[in-house]
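Sequential numbering from 1 applies to the sequence shown in this note's numbering.
Think of the hints as simulated: they come from the structure by calculation, not from any bench. Please read these numbers as outputs of a predicted model, since none were measured by experiment. From the three backbone atoms N, C-alpha and C, an ideal C-beta is built for every residue, glycine too. Treat the hints with care, since some could be wrong.
[Stated by the list, open to error] Just the calculated beta-carbon pair ranges, DEER-fashion:
no.	residue 1	residue 2	range
1	ILE29	HIS95	17 to 23 Å
2	GLN68	PRO132	36 to 42 Å
3	GLY98	ILE29	38 to 44 Å
[Said to hold, decoys possible] Straight-line distance between alpha carbons at most 20 Å, and here's what the computed SDA-like set of lysine to any residue pairs gives:
no.	residue 1	residue 2
4	LYS77	ARG28
5	LYS77	PRO14
6	LYS77	SER5
7	LYS77	VAL6
8	LYS77	PRO92
9	LYS77	PRO118
10	LYS77	MET1
11	LYS77	ALA93
12	LYS77	ALA67
13	LYS77	HIS95
14	LYS77	GLU7
15	LYS77	ASP66
16	LYS77	LEU13
17	LYS77	PRO2
18	LYS77	GLU8
19	LYS77	GLU100
20	LYS77	ILE65
21	LYS77	TYR3
22	LYS77	ARG15
23	LYS77	TYR12
24	LYS77	GLU10
25	LYS77	ARG94
26	LYS77	GLN106
27	LYS77	TYR18
28	LYS77	GLU11
29	LYS77	LEU88
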Amino acid sequence: MPYWSVEEAEEYLPRLRYLVEVISRAARIVEHAPGNGHGKTGRPGEPPPRAPGARPDLESGPPGIDAQAALTELHDKGIVVRDPGRGLVDFPARHPGGREVLLCWQLGEDELAWWHLPEDGFAGRRPLPLPPEL
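Make the full structure from the sequences, and use the hints.
Written as structure tokens, this is what we have:
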């Protein structure tokens, strides 16, 4: 599994935002699709709600890539999609002391500003920078 530095993750953020918007939109379409009476359903012809922070100019879906291709690219780079609908992802990283940490970002956040220990999850998010000691 590749490890990301904060700087590398920040540099990838524009591409990440694009891919996560594609994935998030697809997840919302599936979640709100009319069904057979089981689970959540949407009303026929009603568009799915936009994820918080999603760009309105991509509402019809960005051209050139589908959700599967976006998921594959993120997987190949070692980025973990935690919640497709919310657009929540983690970048595996190493603390300077050697411990694994996760750099955490979600759709709607302007910058990479959070990290957490793998066992703490989203509820344990702490602001960057990483502390000198863990």
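Verification of the supplied hints:
1. For the pair ILE29 and HIS95, the supplied restraint of 17 to 23 Å is violated, since their beta-carbon distance comes to about 38 Å.
2. A C-beta distance of roughly 41 Å is found between GLN68 and PRO132, which places it inside the suggested range of 36 to 42 Å.
3. For the pair GLY98 and ILE29, the beta carbons lie near 42 Å from each other, so the given range of 38 to 44 Å is met.
4. A C-alpha spacing of about 24 Å is found between LYS77 and ARG28, which places the hinted pair above 20 Å, so the restraint is violated.
5. Annotation: proposed proximity of LYS77 to PRO14 holds, straight-line Cα distance about 15 Å (limit 20 Å).
6. Restraint check: the Cα-Cα separation between LYS77 and SER5 comes to about 13 Å, which is no more than 20 Å; the hinted pair holds.
7. Simply put, LYS77 and VAL6 have alpha-carbon atoms about 15 Å apart, close enough for the 20 Å limit, and the pair holds.
8. For the proposed pair LYS77 and PRO92, the alpha carbon gap of about 10 Å is at most 20 Å, so the pair holds.
9. As the CA atoms of LYS77 and PRO118 are separated by approximately 18 Å, the hinted pair is consistent with the 20 Å bound.
10. Pair hint LYS77 plus MET1 holds up; C-alpha atoms about 8 Å apart against a cutoff of 20 Å.
11. The suggested pairing of LYS77 with ALA93 holds, with an alpha-carbon distance near 12 Å, which does not exceed 20 Å.
12. For the suggested pair LYS77 and ALA67, the alpha carbons sit about 15 Å apart, so the restraint of at most 20 Å is met.
13. At roughly 19 Å between alpha-carbon atoms, LYS77 and HIS95 fall within 20 Å of each other, so this suggested pair holds.
14. A hinted pair counts as satisfied when its Cα atoms are at most 20 Å apart, and LYS77 with GLU7 qualifies at roughly 15 Å.
15. For the hint pairing LYS77 with ASP66, the CA-to-CA distance comes to about 17 Å; that is within 20 Å, so the pair holds.
16. Taking the CA atoms of LYS77 and LEU13, the gap is about 13 Å. The hint holds against a cut of 20 Å.
17. Taking the CA atoms of LYS77 and PRO2, the gap is about 7 Å. The hint holds against a cut of 20 Å.
18. Using a Cα cut-off of 20 Å, the hinted pair LYS77 and GLU8 holds, with the two alpha carbons roughly 12 Å apart.
19. With a C-alpha separation of about 16 Å, the suggested pair LYS77 and GLU100 falls inside the 20 Å cut-off, and the hint holds.
20. This hinted pair checks out: LYS77 and ILE65 have alpha carbons roughly 17 Å apart, not beyond 20 Å.
21. For the suggested pair LYS77 and TYR3, the alpha carbons sit about 9 Å apart, so the restraint of at most 20 Å is met.
22. The straight-line distance between the Cα atoms of LYS77 and ARG15 is roughly 12 Å, inside the 20 Å bound, and the hint therefore holds.
23. Annotation: proposed proximity of LYS77 to TYR12 holds, straight-line Cα distance about 11 Å (limit 20 Å).
24. At most 20 Å may separate the alpha-carbon atoms for a hinted pair to count; LYS77 and GLU10 meet this at roughly 14 Å.
25. Between LYS77 and ARG94, the direct Cα distance comes to roughly 15 Å. Compliance with the 20 Å bound is thereby established for this hinted pair.
26. Among the hinted pairs, LYS77 with GLN106 is consistent with the structure: their alpha-carbon atoms are about 17 Å apart, no more than 20 Å.
27. Restraint check for LYS77 and TYR18: satisfied, since their Cα atoms lie roughly 15 Å apart, inside the 20 Å limit.
28. A distance of roughly 14 Å separates the Cα atoms of LYS77 and GLU11; the hinted pair therefore holds under the 20 Å criterion.
29. Between the alpha carbons of LYS77 and LEU88 the distance comes to roughly 16 Å, so the proposed pair stays at or under 20 Å and holds.
The structure fails to meet hints 1 and 4 from the earlier list, while all remaining hints are met.
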